[in-house]
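> All chains should be built: construct the whole structure from the sequences, respecting the hints.
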Amino acid sequence: MAHEGRVLIVEDQREWQVELQNLLQDFPYSIKTADSLQKASDLLKNHVYDLVLLDLRLRGWEEANFDGWELMDTLAVLKAEQGTQVIIVSAYGQAHHVRDGFKRYRIADYIDKKRLDPWGFQQAVAGAIEKAYELRGKILDAK
Amino acid sequence: MTRESRVLLLEDDPAWVEQFRSMLPTPPYAICVAETVEDATRLLADQSFDAVLLDLRLRDWEEDFSGMSFLDVLDRAYPRPSVVIVSAYGQPEHVRVAFKQFGVTDFIDKRKLDVSEFRAAVEDAVSRHRAQSARHLEPDEKREFNVLTRKFFSGEPVVFEVPEDAVNPWERDTDLTEED
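Sequence lines, in order, name chains A and B.
According to our numbering, the first sequence holds residues 1 to 143 in order.
According to our numbering, the second sequence holds residues 1 to 180 in order.
Treat the hints as calculated values from the structure; they're not laboratory data.
One should not assume that every hint holds.
[Said to hold, decoys possible] Across the chosen pairs, the derived CB separations fall in these ranges:
#: 1; chain 1: A; residue 1: 63; chain 2: B; residue 2: 153; range: 47 to 53 angstroms
#: 2; chain 1: A; residue 1: 116; chain 2: B; residue 2: 78; range: 33 to 39 angstroms
#: 3; chain 1: B; residue 1: 14; chain 2: A; residue 2: 30; range: 34 to 40 angstroms
#: 4; chain 1: B; residue 1: 76; chain 2: A; residue 2: 22; range: 38 to 44 angstroms
#: 5; chain 1: A; residue 1: 105; chain 2: B; residue 2: 119; range: 43 to 49 angstroms
#: 6; chain 1: B; residue 1: 100; chain 2: A; residue 2: 141; range: 42 to 48 angstroms
Backbone N, C-alpha and C fix where the C-beta goes; we use that ideal spot for every residue, glycine too.
Structure, rendered in structure tokens:
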């Protein structure tokens, strides 16, 4: 059975916010959304999340805009302190984002919006939340 | 004395082979080159390597990513060398599969290759492999395993000798169940 989980969807497009929420509606997750970098930063400052689903292009009308990536350093700190996991969900990520995501930031997964498979997405989310629980347990034990 | 670092390089472009050789001097690196997945598979069955440097496009076709198929072969190798992919054409999905499914230690873009970062990536791959294999088989077991792997890849029958007094684990499990 899936863990209860607190999920933050960082996504500027309303239709994608709805799509991702719909895919997770049958699971015991509480879901918040942020449609900008600023809103995401504010929420992350004041709340603990098990998982952040991060879009990279948060101003969809601007090509070559990857402002979602600017959250990665903050998210790395939250991972170390609270176990928060990250799945990048993007249609425009480039190979170097995926490489740095896995190698530098140890993201839980990278999902290409253009090939989103509902079952695979749900599995990735459940796995990441489980990982967040495990990691938080280790962080608490170490304290 | 530092042990040599055995590297299998799967790369079809001679200019890049030279480039890699110049970045990884002998000693401590001993580089074995394969131009095709088939050659690399044979070398892998014959010898053990600390790291594999893997190009993805091994034929001059736009949609060729045959190097990815070697990841499947490597996944069955034991002990499994660390893998660094070095490619100019990797797509986000290749990078994802390489890290997530096959646990590569790095994915380097040939177009932005930085010599010191590259060397650091190879050193890291080699040391990870050594740390991992040190926890696994003893040298004699490794040798026996390599002989069996070589036979398997060459199509020779592989025969496991079972001592006469060996207990069949399936029968043992049945006995335990009956006792319960």
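> Output the indices of the hints that this structure fails to meet, ascending.
The structure breaks hints 3, 5, 6; every other hint is satisfied.
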